[in-house]
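Basically this note's numbering = 1-based index in the sequence shown + 37.
Accuracy of the hints is not assured; some may be wrong.
Here are the simulated EDC-like pairs of lysine to aspartate or glutamate, each with C-alpha atoms no more than 16 Å apart in a straight line [claimed, not checked]:
hint: 1; residue 1: Lys124; residue 2: Asp61
hint: 2; residue 1: Lys81; residue 2: Asp92
hint: 3; residue 1: Lys76; residue 2: Asp45
hint: 4; residue 1: Lys80; residue 2: Asp92
hint: 5; residue 1: Lys124; residue 2: Glu90
hint: 6; residue 1: Lys71; residue 2: Asp45
hint: 7; residue 1: Lys76; residue 2: Glu90
hint: 8; residue 1: Lys80; residue 2: Glu90
hint: 9; residue 1: Lys72; residue 2: Asp115
hint: 10; residue 1: Lys103; residue 2: Asp115
hint: 11; residue 1: Lys62; residue 2: Asp128
hint: 12; residue 1: Lys76; residue 2: Asp92
hint: 13; residue 1: Lys122; residue 2: Asp92
Computed beta-carbon distance windows for the label pairs [what the hints assert, rightly or not]:
hint: 14; residue 1: Pro50; residue 2: Gly101; range: 16 to 22 Å
hint: 15; residue 1: Ile52; residue 2: Asp115; range: 18 to 24 Å
hint: 16; residue 1: Ser53; residue 2: Glu84; range: 21 to 27 Å
It is worth saying that the hints were derived from the structure and are not from the lab.
C-beta atoms are modelled at their ideal positions from N, C-alpha and C, and glycine is treated no differently.
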Amino acid sequence: MSNSQQVDVLISPIISEKSSVAADKENRYVFKIKKQATKLHVKKAVEALFNVEVDSVHVLNVKGKKKRFGKTLGQRSDWKKAYVKLKSGHDINFATP
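Please work from the sequences and hints to get the whole structure.
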(Lines of atoms letter the chains of each structure in order from A; the text may use other names.)
(Lines give C-alpha, C1' and ligand atoms only; values in the text may rest on other atoms or scores of the structure.)
Protein backbone atom coordinates (compact mmCIF):
# COMPACT_ATOMS: atom_id res chain seq x y z
CA MET A 38 0.00 0.00 0.00
CA SER A 39 1.52 3.34 -1.04
CA ASN A 40 1.90 6.30 1.33
CA SER A 41 -0.97 8.26 -0.29
CA GLN A 42 -3.30 5.25 0.03
CA GLN A 43 -2.38 4.91 3.72
CA VAL A 44 -3.39 8.48 4.45
CA ASP A 45 -6.66 8.08 2.49
CA VAL A 46 -7.79 5.41 4.99
CA LEU A 47 -8.59 8.13 7.55
CA ILE A 48 -11.63 10.23 6.63
CA SER A 49 -11.74 12.56 9.64
CA PRO A 50 -11.15 12.72 13.37
CA ILE A 51 -14.27 12.54 15.53
CA ILE A 52 -14.30 15.43 17.98
CA SER A 53 -16.97 14.95 20.64
CA GLU A 54 -17.26 15.04 24.40
CA LYS A 55 -16.79 11.28 24.63
CA SER A 56 -13.70 11.28 22.38
CA SER A 57 -12.21 14.26 24.26
CA VAL A 58 -12.51 12.41 27.57
CA ALA A 59 -10.91 9.31 26.01
CA ALA A 60 -8.05 11.41 24.67
CA ASP A 61 -7.41 13.07 28.02
CA LYS A 62 -7.68 10.00 30.25
CA GLU A 63 -6.48 7.10 28.07
CA ASN A 64 -4.47 8.75 25.25
CA ARG A 65 -7.06 7.28 22.83
CA TYR A 66 -8.21 9.09 19.67
CA VAL A 67 -11.25 8.40 17.49
CA PHE A 68 -11.29 8.52 13.68
CA LYS A 69 -13.91 7.97 11.00
CA ILE A 70 -12.35 5.55 8.52
CA LYS A 71 -13.16 3.90 5.20
CA LYS A 72 -15.29 0.75 5.37
CA GLN A 73 -12.59 -1.39 3.73
CA ALA A 74 -9.90 -0.37 6.25
CA THR A 75 -8.37 -2.88 8.65
CA LYS A 76 -6.61 -2.38 11.97
CA LEU A 77 -3.21 -2.58 10.29
CA HIS A 78 -4.18 0.02 7.65
CA VAL A 79 -5.36 2.42 10.37
CA LYS A 80 -2.21 1.90 12.44
CA LYS A 81 0.10 2.61 9.50
CA ALA A 82 -1.94 5.66 8.42
CA VAL A 83 -1.91 7.27 11.89
CA GLU A 84 1.80 6.61 12.34
CA ALA A 85 2.62 8.05 8.89
CA LEU A 86 0.37 11.10 9.15
CA PHE A 87 1.02 12.22 12.75
CA ASN A 88 4.54 10.80 13.40
CA VAL A 89 3.47 8.92 16.54
CA GLU A 90 3.68 5.31 17.74
CA VAL A 91 0.39 3.41 17.99
CA ASP A 92 -0.15 0.97 20.84
CA SER A 93 -3.47 -0.58 19.77
CA VAL A 94 -6.41 -0.08 17.40
CA HIS A 95 -10.04 -1.06 17.95
CA VAL A 96 -12.32 -0.91 14.91
CA LEU A 97 -16.10 -1.01 14.92
CA ASN A 98 -18.94 -0.73 12.43
CA VAL A 99 -21.62 1.86 13.12
CA LYS A 100 -25.04 1.08 11.69
CA GLY A 101 -26.94 3.91 10.00
CA LYS A 102 -30.11 5.12 11.70
CA LYS A 103 -33.49 4.50 10.13
CA LYS A 104 -35.12 7.85 9.39
CA ARG A 105 -38.37 9.05 7.87
CA PHE A 106 -38.16 11.56 5.03
CA GLY A 107 -41.73 12.78 4.64
CA LYS A 108 -43.83 9.75 3.69
CA THR A 109 -40.90 7.58 2.72
CA LEU A 110 -38.63 5.59 4.99
CA GLY A 111 -34.90 5.90 4.56
CA GLN A 112 -31.68 4.94 6.22
CA ARG A 113 -28.44 6.81 6.81
CA SER A 114 -25.28 5.17 5.53
CA ASP A 115 -23.36 2.67 7.64
CA TRP A 116 -19.83 3.76 8.54
CA LYS A 117 -16.77 2.59 10.40
CA LYS A 118 -14.75 4.14 13.21
CA ALA A 119 -11.49 3.36 14.92
CA TYR A 120 -10.27 3.96 18.46
CA VAL A 121 -6.49 4.45 18.29
CA LYS A 122 -4.48 4.22 21.51
CA LEU A 123 -1.04 5.84 21.40
CA LYS A 124 2.00 4.78 23.35
CA SER A 125 2.83 6.92 26.36
CA GLY A 126 4.74 10.09 25.52
CA HIS A 127 2.99 10.54 22.16
CA ASP A 128 0.18 13.00 21.47
CA ILE A 129 -1.93 14.26 18.56
CA ASN A 130 -2.94 17.92 18.47
CA PHE A 131 -5.74 18.63 15.97
CA ALA A 132 -5.64 22.39 16.58
CA THR A 133 -2.29 23.02 14.85
CA PRO A 134 -2.28 23.40 11.04
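Against the structure, the hints:
no.	hint	in the structure
1	Lys124 / Asp61	holds, 13 Å
2	Lys81 / Asp92	holds, 11 Å
3	Lys76 / Asp45	holds, 14 Å
4	Lys80 / Asp92	holds, 9 Å
5	Lys124 / Glu90	holds, 6 Å
6	Lys71 / Asp45	holds, 8 Å
7	Lys76 / Glu90	holds, 14 Å
8	Lys80 / Glu90	holds, 9 Å
9	Lys72 / Asp115	holds, 9 Å
10	Lys103 / Asp115	holds, 11 Å
11	Lys62 / Asp128	holds, 12 Å
12	Lys76 / Asp92	holds, 11 Å
13	Lys122 / Asp92	holds, 5 Å
14	Pro50 / Gly101: 16 to 22 Å	holds, 20 Å
15	Ile52 / Asp115: 18 to 24 Å	holds, 21 Å
16	Ser53 / Glu84: 21 to 27 Å	holds, 23 Å
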